[in-house]
Amino acid sequence: MHHSIEVRGLVKAFGDVRALDGVDLTVPAGSVLGVLGPNGAGKTTAVRVLSTLTRPDAGSARVLGLDVVAQAGEVRERIGLTGQYAGLDHDLTGEQNLVLIARLLGASRPRAKARAAELLERFDLVHAAGRAAGEYSGGMRRRLDLAASVVRRPEVLFLDEPTTGLDPKSRNGLWDVVRDLVAEGTTVLLTTQYLEEADQLADAIAVIDTGRVIASGAPSELKQMVGGPVLRLRPVRAEALAPLAELADRVIGAETKLEEGAAAVPVAHAGQAAAIVAQVARTGIDLVSFGVDEPTLDEVFLALTGHRTESTSEAEVAA
Amino acid sequence: MTVTTWTTRRGVLAQSASMAARSLASIRNNPATLIEFFMIPLMILLSITFFMGGQMMGTWQDFLQYAGPTIVVMGLFFAIPATGLALFADLESGMFDRLTAMPVSRFALLSGRVTADMVKHAWALLVVGGVAFAMGYRAEGGVLGVLAAVGVVLLFMFSASWSMVLAGLTAKSEDQVQTWMVALLMPLSYTSTAFIEIETLPGAVQWLAEINPMTALSETIRSLLAGDAPGGYLLALLGWCAGAVAVFVPLSLRAYRRRLTN
Ligand SMILES: Nc1ncnc2c1ncn2[C@@H]1O[C@H](COP(=O)(O)OP(=O)(O)OP(=O)(O)O)[C@@H](O)[C@H]1O
Ligand SMILES: [Mg+2]
Numbered sequence: 006m007h008h009s010i011e012v013r014g015l016v017k018a019f020g021d022v023r024a025l026d027g028v029d030l031t032v033p034a035g036s037v038l039g040v041l042g043p044n045g046a047g048k049t050t051a052v053r054v055l056s057t058l059t060r061p062d063a064g065s066a067r068v069l070g071l072d073v074v075a076q077a078g079e080v081r082e083r084i085g086l087t088g089q090y091a092g093l094d095h096d097l098t099g100e101q102n103l104v105l106i107a108r109l110l111g112a113s114r115p116r117a118k119a120r121a122a123e124l125l126e127r128f129d130l131v132h133a134a135g136r137a138a139g140e141y142s143g144g145m146r147r148r149l150d151l152a153a154s155v156v157r158r159p160e161v162l163f164l165d166e167p168t169t170g171l172d173p174k175s176r177n178g179l180w181d182v183v184r185d186l187v188a189e190g191t192t193v194l195l196t197t198q199y200l201e202e203a204d205q206l207a208d209a210i211a212v213i214d215t216g217r218v219i220a221s222g223a224p225s226e227l228k229q230m231v232g233g234p235v236l237r238l239r240p241v242r243a244e245a246l247a248p249l250a251e252l253a254d255r256v257i258g259a260e261t262k263l264e265e266g267a268a269a270v271p272v273a274h275a276g277q278a279a280a281i282v283a284q285v286a287r288t289g290i291d292l293v294s295f296g297v298d299e300p301t302l303d304e305v306f307l308a309l310t311g312h313r314t315e316s317t318s319e320a321e322v323a324a
Numbered sequence: 360m361t362v363t364t365w366t367t368r369r370g371v372l373a374q375s376a377s378m379a380a381r382s383l384a385s386i387r388n389n390p391a392t393l394i395e396f397f398m399i400p401l402m403i404l405l406s407i408t409f410f411m412g413g414q415m416m417g418t419w420q421d422f423l424q425y426a427g428p429t430i431v432v433m434g435l436f437f438a439i440p441a442t443g444l445a446l447f448a449d450l451e452s453g454m455f456d457r458l459t460a461m462p463v464s465r466f467a468l469l470s471g472r473v474t475a476d477m478v479k480h481a482w483a484l485l486v487v488g489g490v491a492f493a494m495g496y497r498a499e500g501g502v503l504g505v506l507a508a509v510g511v512v513l514l515f516m517f518s519a520s521w522s523m524v525l526a527g528l529t530a531k532s533e534d535q536v537q538t539w540m541v542a543l544l545m546p547l548s549y550t551s552t553a554f555i556e557i558e559t560l561p562g563a564v565q566w567l568a569e570i571n572p573m574t575a576l577s578e579t580i581r582s583l584l585a586g587d588a589p590g591g592y593l594l595a596l597l598g599w600c601a602g603a604v605a606v607f608v609p610l611s612l613r614a615y616r617r618r619l620t621n
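First to last, the sequence lines map onto chains U and P. FYI, in the numbering used here the residues of the first sequence are 6 to 324. FYI, in the numbering used here the residues of the second sequence are 360 to 621.
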């Protein structure tokens, strides 16, 4: 039995830039791999190679046991792709887009129309079926794009940053759709810049940076490396920081770190945070704000490589 | 969700037709664009006939009768690079990534664009030809002559479009597509007998004009419209068209494949 996706030593260079520099990935059938990485890490390049859009320079990539170069035609029969940029015709309506894909895949006109109607219903786009895709909101366009990728149900689905730019509500909606597809047995490889997204959807995560996999494992393993969520308490007066830290350590036995204007308490779950906040309220220390921060990609990077993601350091330099 | 499998596999031509329909669907959604397709050839016909026709041949009516058909055709040629430009834009879009990752014939993706543009050219030819008729142009060859001439013009444009497909696939920018077009069409037009009689050209250029596909096209449609047998020029024209398709279609498909390695 082979895995749905097997990548060994994949290399792809654009001039001097090694977009993929020896990538290994394995995705068992029916599971979800989250490929997590900052801008320029090579996520899109990896997806393009696996979906037969770019030919690798070295290494091998197999999808459903088929070589993506030598057997590209057969691979295309069985995969679906939602690229980083919407794969839609913006002049066509939502329905026309789906009908076109179905027709190109061999459906008769009535069959194509029926399938488009089914998908519009399922992806909550019936109200927008007759409007040009170019007029859709970001969330609607993403849903239509995803619908277009599953017109003929793919065995392996590639999603390149499916929720970048979406608000939390649209993001949650899209996650649900992806979960449904997975529940039906679709194997998914998705790329993302959000640790939370990978955590929500993926069975395994591969962190990539400058074309290399720098860590991989189950989401829980990765989060352990990074250290989980952090409760940040911001008191009104700076003098209150030390007492706050002491109090937090007493309540849950944590090791609170003091940051600029905040006490950062590593917590295991929301209940611990609530217990601390309740205790703080009882002691009467005034807080400006408090909140639980999930670890970000940036913190994953800091933990894994000792440096921050490049895009952030650039932003910091610019700031 | 029902499991969706289609055992049918529609042929290349059916896929091409679907792609052509897709390129034309924007007209259905926005019918005003129909006007855009004939504005340039129409303006060229009107301005050249009225402003230059009298000076060149005494009356504009005589000029229209002599040069009308080739002016209409010249005007249509301005729409040829649209094929390359639209394809260039298509290839940059996420849409074509999706299509390329689907089990769809590469040839169909390209020929769909060409087919859609041929429909636009035919529409422009119908309108502008109709205006020429309304202005008094009469073809002695009658309906059959006109139909044959229209067929020849569209065949020529179909073949020329494939050079634009190659341009769209290989150009690095939109400007480059335009440059290709000018580099190709300008010298062809000016060394042909589209507007001038061959005797007025200098010796070496006369030889160029003789073998120029535009000369073959101009002379063929003149003969057909006049009701004469086009003879050797028609054969030369068919040869040029077959040659262009035989060269540019494989080169385009190769260029499409090459894009994948980059
Ligand atoms: N067609 C190309 N030509 C030249 N360089 C490229 C090309 N595609 C990608 N690159 C380079 O390869 C590297 C990886 O790019 P890629 O698009 O795979 O990153 P990514 O992880 O998808 O980033 P993002 O989060 O910004 O989408 C980058 O340095 C990029 O500049
Ligand atoms: Mg990307």
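Calculated directly from the structure, the hints in this document are not laboratory data. One or more of the hints may lead you astray.
Some residues of chain U that are not near chain P, with every Cβ distance over 12 Å (derived) [as the list claims (entries may be wrong)]:
#  : residue
1  : G35
2  : G45
3  : H95
4  : L105
5  : R108
6  : A112
7  : D150
8  : W180
9  : S225
10 : G233
11 : A243
12 : E244
Derived contacts from chain U toward chain P, CB cut-off under 7 Å, selection only [stated by the list, open to error]:
#  : residue
13 : S36
14 : T57
15 : R81
16 : E82
17 : G88
18 : A91
19 : D96
20 : G111
21 : S142
22 : M145
Glycine is no exception: its CB is placed at the ideal position from the N, C-alpha and C atoms.
Right, here's what the structure says about each hint:
With 12 Å as the threshold on Cβ separation, the claim that G35/U sits away from chain P holds: the shortest Cβ distance comes to roughly 15 Å. No beta-carbon of chain P comes within 12 Å of the beta-carbon of G45/U; the shortest separation is about 18 Å. Annotated as non-interface, H95/U brings its C-beta within 12 Å of a C-beta of chain P; the closest such distance is 8 Å. A beta-carbon of chain P comes within 12 Å of the beta-carbon of L105/U; the shortest separation is about 5 Å.
The claim that R108/U lies off the interface is violated: its Cβ sits roughly 4 Å from the closest Cβ of chain P, which falls inside the 12 Å cut-off. Against the 12 Å criterion, A112/U falls within the reach of chain P, whose nearest CB is about 5 Å from its own CB. Some Cβ of chain P comes within 12 Å of the Cβ of D150/U; the nearest lies about 8 Å off, and the non-interface call is violated. Taking the minimum C-beta to C-beta distance to chain P, about 17 Å, the non-interface status of W180/U holds against the 12 Å cut.
Distance check for S225/U against chain P: the nearest CB is about 30 Å away, which clears 12 Å, and the non-interface claim stands. For G233/U, the condition that its CB be more than 12 Å from all CB atoms of chain P holds, with the nearest at approximately 36 Å. No beta-carbon of chain P comes within 12 Å of the beta-carbon of A243/U; the shortest separation is about 50 Å. Once the 12 Å rule is applied to beta carbons, E244/U is consistent with being away from chain P; the minimum gap is 55 Å.
The criterion of a C-beta within 7 Å of any C-beta in chain P is not met by S36/U, whose closest approach is roughly 20 Å, and the hint is violated. The restraint placing T57/U at the interface with chain P holds, with a minimum CB-CB distance near 6 Å, inside the 7 Å limit. Annotation: R81/U was flagged as interfacial toward chain P, and the flag holds, the nearest CB pair being 4 Å apart, inside 7 Å. About 5 Å separates the beta-carbon of E82/U from the nearest beta-carbon of chain P, less than 7 Å, and the hint is met.
Checking G88/U against chain P by beta carbon gives a least distance of about 5 Å; that is within 7 Å, so the hint holds. At a threshold of 7 Å, the smallest CB-CB gap from A91/U to chain P is about 5 Å, leaving the interface hint in force. Checking D96/U against chain P: minimum C-beta separation of about 4 Å stays under 7 Å; hint holds. The interface hint given for G111/U is met, as the beta carbon of that residue sits about 5 Å from the closest beta carbon of chain P, less than 7 Å.
With its C-beta approaching chain P no nearer than about 17 Å, S142/U sits outside the 7 Å limit, and its interface hint is violated. Hint status for M145/U: violated, given a least beta-carbon distance of 15 Å to chain P, over 7 Å.
Violated hints, in rising order: 3, 4, 5, 6, 7, 13, 21, 22; the structure is consistent with all others.
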